[in-house]
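> Using the hints, build the complex out of the two chains.
Order-wise, the sequence lines are chains A and B. Position 46, counted from 1, in the first sequence is what the working numbering calls 46; the numbers after and before it change by one each time, with no gaps. With positions in the second sequence counted from 1, the corresponding number in the working numbering is that position plus 1000.
The set of hints was computed from the structure by calculation and includes no laboratory data. A hint or two may mislead.
Incomplete in silico selection of chain A near chain B, CB under 7 Å [what the hints assert, rightly or not]:
no.: 1; residue: Q119
no.: 2; residue: V142
no.: 3; residue: D170
no.: 4; residue: V172
no.: 5; residue: V173
no.: 6; residue: W174
no.: 7; residue: N175
no.: 8; residue: A183
no.: 9; residue: D193
no.: 10; residue: W194
no.: 11; residue: E196
no.: 12; residue: Y293
no.: 13; residue: G347
no.: 14; residue: K466
Label-pair restraints from in silico Cβ distances [unchecked claim]:
no.: 15; chain 1: A; residue 1: I213; chain 2: B; residue 2: D1027; range: 16 to 26 Å
no.: 16; chain 1: B; residue 1: D1027; chain 2: A; residue 2: K401; range: 49 to 59 Å
no.: 17; chain 1: B; residue 1: D1027; chain 2: A; residue 2: D179; range: 51 to 61 Å
no.: 18; chain 1: B; residue 1: D1027; chain 2: A; residue 2: E360; range: 45 to 55 Å
no.: 19; chain 1: B; residue 1: L1039; chain 2: A; residue 2: Q298; range: 37 to 47 Å
no.: 20; chain 1: A; residue 1: P277; chain 2: B; residue 2: D1027; range: 35 to 45 Å
no.: 21; chain 1: A; residue 1: I213; chain 2: B; residue 2: L1039; range: 38 to 48 Å
no.: 22; chain 1: B; residue 1: R1029; chain 2: A; residue 2: Q119; range: 24 to 34 Å
no.: 23; chain 1: B; residue 1: L1039; chain 2: A; residue 2: P413; range: 39 to 49 Å
no.: 24; chain 1: A; residue 1: T301; chain 2: B; residue 2: L1039; range: 42 to 52 Å
no.: 25; chain 1: B; residue 1: R1029; chain 2: A; residue 2: D414; range: 46 to 56 Å
None of the values given here were measured: they were computed from a predicted structure. Cβ coordinates follow ideal geometry from the N, Cα and C atoms, glycine included.
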Amino acid sequence: MFDTLYAYDAAFQVQPQMVDGHRINDDGKAWELTLRDGLSFHDGEKVLARDCVATIKRFAARNPFGQALMQRVADITAPSDTVIRIRLTRPFPLLPAALAEVYCAIMPTRLAETDPMKQITEAIGSGPFRFEANERIPGSRVVFSRNRAYVPRQSGTPSFNAGPKIVNVDRVVWNFIPDPATASAALQQAEVDWWENPSLDLIPQIKTYKDVIVTVKDRTGEIGCLRFNQLFPPFDSAAIRRVVIAAMDQKEIMEAVAGAEPSLYKTDVGLFVPGTPMASTAGVEITRGPKDYAKLTQDLTAAGYDGRKIVVLAATTIPAIWAEAQVATDTLTKIGFNVDLQAMEWGSVVQRRASREPIERGGWNIFYTWLGGFGNISPAPSISLRGNGTEAWFGWARNAKIEALYAAWFDAPDLSAQQLLCEEMQVAFWENPTYAPLGMYDSPTAYHNYMHDVPDGWPQFYGLKKVI
Amino acid sequence: MKRRNVLTSAAAITAALATPRIAQAGDPRTVTFVPHADLASLDPV
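If we strip away everything but chain B, and leave its shape as in the complex, we get (with noise of 0.2 Å):
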C-alpha cells in the first residue's frame, strides 16, 4: 500500500471514530436535542 493510500485511510477512520462535537447552545439558530433513542429508520410507516 502507497503512503499516501496508508494517510487517506487513516484520515477516514480518525473521522469516523472522532466523537461528533456537540453544537453548543449559544448559537440561537441551532437547537441541540438528546432524543430517548437513535434515528433507528427513516420510514415513517
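Chain A with its partners taken away, still in its complex shape (with noise of 0.2 Å):
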C-alpha cells in the first residue's frame, strides 16, 4: 500500500526505490534525493518532495532508526517537487537504510502532518495496492485493490521489498481466521490461498496437505519478548527484572511454542538471531535451565518486591503469543508474583500497551509478543532495544548505557568495531533490561503451490503469481 524511498532487498542490501538517485557533497554531510517520475498517491495527487520530508520528519518522532537520523540532521528542505535536501552535521552513511525502513511510508503532507503519536485517519499511500476501506470489516477483512496508475521503477531487480514492483493481481483479501484448526481447514479446501504463519502445531499436519507447500520466507525470525512496563513498580527495578531474567528458561518455553518442530526454534537468544553477524553470546547462560524456583523467590524478595499485583496482557488470538504467555506467566508466579493475567485479543493488547496510566486507571506491567524484521539482526532499527524514556518503545525504558554505544555503534569504522559494541550492549542489556527475552523461532508460512515466485521476506504481493 505505502512505498518507500529506499528499501531492503533480499540480502539486506539498500536499493533505490522512489528515489531515482542520490548526490553526496560536502564530505558526506550533504545529500540531495531526487524522487523518480511517475510516482502518484492513492488520491491522484502527484507524490512530492515536500510529501515526502513531512514524512520523514513523522517517522523520525517515533522510529529509532529514524532518531537516529535526525541526530545527525541540521536541516532537511524539498527545494523543488522532485528534490530532498539533507544536511547532516556529521556524515551518516547509513541514510538510505534509515529511509528504507518499511515505517518510513511516504503519504501525504496532509497526513504525515497528524501527530507522530496518533494514528492517521485515512490510509493513502503510493505502493502498488490500494486500501479498501469500504470493503474493510474489522476483525474479518482487509480488501486492496491493484493500483492500477502505479508505475514500478524501470531499473533493478525485484527482490523483497526492492526492484520493480510488478502486480499479477487485482485483488488481495486478508481473511483474519483466529482459530487455527479453521485456517488450517480452509487452507486445506483451498478456499484461502496462503496463510501467513500456521500455528507451529499444526505444521506436520499441514505438510501432509496435497499441493501445499510449506516453507520459511522471512530469516529474521521471530524473538520472544516478555515486555515490562518501567514507569512503575515493581518493574522501574532493574534488580527486579533481572530475577525475571534469571527465571526464565528458553528451552521450556519454546518447547511449549514450537515443540511439534524443533528444528525451527533455537535458545541461548540475546539481543540479535543467533549466527547473525551482530549476535552474541555474551551473558546468555543465564537463559538456561533449570531454574531453583525457591532462590528466585528469595532473589526477589530481595531485590524488593512487595507483593503488589502485577497486570500481564496476553494475547489469545495468536497462537504463539499465547503458548509463550502460559509458561512465562507459569513462571512468575512460581517466583512469587502476584499476578493478574488478562487474556484477549491482540488488537486490545496493541490498544492497551499504548497506556501510560498506573494499572488501577487501566495501565500494564507485562505484554507479551515477538519480535520480527530487521531489528532481530541489527540495532539500528530495534525497537525493542533502546533505553530513551518517553522516547523508546511502549515500556518506555531508560538504559543510557546501551542509548551510548547505541549512538557509538552508528559511527564504528567497521564490521568488528560493530560486533564489539552489540557484545557490550548485550552486557548492558543482561544488567539492566528492557526485555526478557524468550528464545526465538523461524516462521513457517504455507501456500498453494499455483501460487508462483512467493517473494522472499514478510508477506509481499507484488511479482507472485497465481497460476490455476
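Below, the structure written as C-alpha cells:
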C-alpha cells in the first residue's frame, strides 16, 4: 500500500525505490535525493518532495533509526517538487538504510502532519496496492486492490521490497481467521491461498496437505519478548527485572511454542538472532534451565518486590504469543509474583500497551509479543533495545549505557567495531534489561503450489502469480 | 418505530453479523490470505 524512498532487497542490501538516485557532497554531510518519475498517491495527487520531508519528520519522531538519523540532521528541505535536500552535522552513511525502513512509508503531507503519537485517519499511500476502506470488516476482512496508476521503477531486480514491483493480481483479500484449526481447514480446501504463519503445532499436519508448500521465507526470525513497563513499580527496578530474566528458561518456553517442529527454534538468544553478524553469546547462560525457583523467590524479595499485583497482557488470538505467555506467566507465579493475567485478542493488547496510566486506571506491567524484522539482526532499527525513556517503545525503558553504545554503533568504522559494541550492548542489557528474550523461531508460511514466485521476506503481494 | 425502519435496521444488523464470504481460490486474479492478526492499525509508524 505504501512505498518507501529506498528499500531492502532479500540480501538486506539497500536499493533505491522511489528515488531515482542521490548525490552526496560536503564530505558526506549534504545529500540530495531526486524522486523518480511517475509517482502518485492513491487519491490521484502527485508525490512531491515536501510530502517526503513531512513523512520523514513524522517517522523520525517515533522510530529509533529515524531518531538516530535526525540526531545528525541540521535541516531537511524540499527545494523543488522532486528534490529532497538533507544537510547533516556529521556524515551518516546509513541514511538510505534509515529511509528504507518500512515505517518511513511516504504519505501525503496532510496525513504526515498528523501528531506522530496519534494514528492517521486515512490509508493513502503511493504503492502498488490500494486499501479498500469500504470493504473492511473490522476483526474479519481487509481488502487491497491493484493500483492501476502505479508505475514500477524501471531499473533493478525484483527482490523483497526492492526493484520493480510488478503486480499480477487484481485483489488481495485478507481473511482474519483467529481459530488455527479453521484456518488450516480453509487452506486444505483451497478456500484460501496463503496462510501467513500457521500455528506451529499444526505444521506436521499441513505438510501432508496435497499441493501445499510449507517453507520459511523470512530469515529474520521471531524473538519471544516479555516486555516490562518501567514507568511503575515493580519493574522500574532493574534488580527485579534481572530476577525475571534469570527465571525464564528459554528451552522450556520454546518447547511449548514450537515443540512440534524443534528444528525451527533456537535458544541462547540475546539481543540478536544467533548466527547473524551482530549476535553475541555474552551472558546467554542466564537463559538456560533448570531453574531454582526457591532461590529466585528469595532473590525477588531481596530485590524489593512487595507482593503488589502485576497486570500481564496476553493475546489468545496469536497461538505463539499465547503459548509463550502461559509458560512465562506460570514462571512469574512460581517465583512469587502476584499475577493478574489478562487474556484478550491482539488488537486489544495493541491498544492497552499504549497506556501510560497505572494499573488502577487501565495500565499494565507486562505484555508479551514476538519481535520480528531487521531489528532482530541489527541494532539500528530495533524498537525493543532502546532506553531513551518516553521516546522509547511501549514500556518506556531508560538505559543510558545502551543509549551511548547505540549512538556509538552508527559511527563505528567497521564490522568488527560494530560487533564489539553489540557485545557490550548485550552485557549492559542483562544488567538493566528492557525485556526478557524468550527464545526464537523461524516462522514458516504455507501456500498452495499454484502460487508462483512468492517473494522472500515477510509477505508481499507484488511479484507473485496465481496460476490455476 | 415504523415497519420500514424496523426492516432497515434488521437488514443492517444482518449485514453486520453475516460471516464474510471467503473468496474462492478459483479466481486467478484474487489472492486470499490469512494474516497472523487482524489489521489493528492503518498507521505505518
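> Evaluate each hint against the coordinates.
Here's how the hints hold up against the structure:
{"no.": "1", "hint": "Q119", "result": "4 Å, holds"}
{"no.": "2", "hint": "V142", "result": "5 Å, holds"}
{"no.": "3", "hint": "D170", "result": "4 Å, holds"}
{"no.": "4", "hint": "V172", "result": "5 Å, holds"}
{"no.": "5", "hint": "V173", "result": "5 Å, holds"}
{"no.": "6", "hint": "W174", "result": "5 Å, holds"}
{"no.": "7", "hint": "N175", "result": "5 Å, holds"}
{"no.": "8", "hint": "A183", "result": "5 Å, holds"}
{"no.": "9", "hint": "D193", "result": "5 Å, holds"}
{"no.": "10", "hint": "W194", "result": "5 Å, holds"}
{"no.": "11", "hint": "E196", "result": "5 Å, holds"}
{"no.": "12", "hint": "Y293", "result": "33 Å, violated"}
{"no.": "13", "hint": "G347", "result": "4 Å, holds"}
{"no.": "14", "hint": "K466", "result": "5 Å, holds"}
{"no.": "15", "hint": "I213(A) <-> D1027(B): 16 to 26 Å", "result": "20 Å, holds"}
{"no.": "16", "hint": "D1027(B) <-> K401(A): 49 to 59 Å", "result": "55 Å, holds"}
{"no.": "17", "hint": "D1027(B) <-> D179(A): 51 to 61 Å", "result": "24 Å, violated"}
{"no.": "18", "hint": "D1027(B) <-> E360(A): 45 to 55 Å", "result": "52 Å, holds"}
{"no.": "19", "hint": "L1039(B) <-> Q298(A): 37 to 47 Å", "result": "46 Å, holds"}
{"no.": "20", "hint": "P277(A) <-> D1027(B): 35 to 45 Å", "result": "43 Å, holds"}
{"no.": "21", "hint": "I213(A) <-> L1039(B): 38 to 48 Å", "result": "25 Å, violated"}
{"no.": "22", "hint": "R1029(B) <-> Q119(A): 24 to 34 Å", "result": "31 Å, holds"}
{"no.": "23", "hint": "L1039(B) <-> P413(A): 39 to 49 Å", "result": "42 Å, holds"}
{"no.": "24", "hint": "T301(A) <-> L1039(B): 42 to 52 Å", "result": "44 Å, holds"}
{"no.": "25", "hint": "R1029(B) <-> D414(A): 46 to 56 Å", "result": "49 Å, holds"}
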